[in-house]
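*Asks:* Sequence:
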Amino acid sequence: MDPERQRLIEAFLAFLEGRPEYHTIKAAVGDHPRPEPVNGQLPDITAFRRHQFVIFRAFTAEELTGPEFEAPSRAFARCASFEHIRYHAIVPPEVEGEPGRLVALRRAAEIGVRIDNVWEV
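Numbering-wise (our numbering), the sequence shown opens with residue 1 and increments by one.
The hints are simulated quantities; they were obtained by calculation from the structure and are not laboratory data.
Please note: incorrect hints may appear among the correct ones.
Pair ranges (Cβ atoms, derived) [said to hold, decoys possible]:
#, residue 1, residue 2, range
1, Glu83, Arg19, 21 to 29 Å
2, Glu70, His23, 25 to 33 Å
3, Arg50, Ala14, 14 to 22 Å
4, Ala109, Gly40, 19 to 27 Å
5, Pro20, Gly112, 29 to 37 Å
6, Glu83, Gln6, 27 to 35 Å
7, Glu110, His51, 12 to 20 Å
8, Gln41, Ala61, 13 to 21 Å
9, Pro3, Glu70, 16 to 24 Å
10, Ala71, Glu4, 16 to 24 Å
11, Ile111, Pro20, 31 to 39 Å
12, Ala109, Pro20, 29 to 37 Å
13, Ala14, Asp116, 27 to 35 Å
Predicted model, so just to flag it, every value in this text is computed and none were measured.
C-beta atoms are modelled at their ideal positions from N, C-alpha and C, and glycine is treated no differently.
Between the sequences and the hints, there should be enough to build the whole structure, so can you do that?
*Replies:* Shown next as structure tokens:
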């Protein structure tokens, strides 16, 4: 795993673990159980928040601007089109001089998918 992507996952996971509304957390790092593939793609973190299943995927700046963004985003957004499932992206705060959140949302719009929330870490 790319060290920057691992850093994003670990930083967000630390934040998530302090939020009691998230439970049954699975993660690709640490001592957590590992998440299962969703539509053929492996999420970085999955959790339940109240009555919703949330799929998290971290993207480095290079992944956000490259072809690596499309396959997981399409797979997770397709799953999130169902009620009670959400797709969230974890991104760096800045990508090529722009806010990471803006870059992620623009890329999602370019490929015709919806990201329910973008977290800058």
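*Asks:* So which hints don't hold here, by number, going up?
*Replies:* 7 and 13
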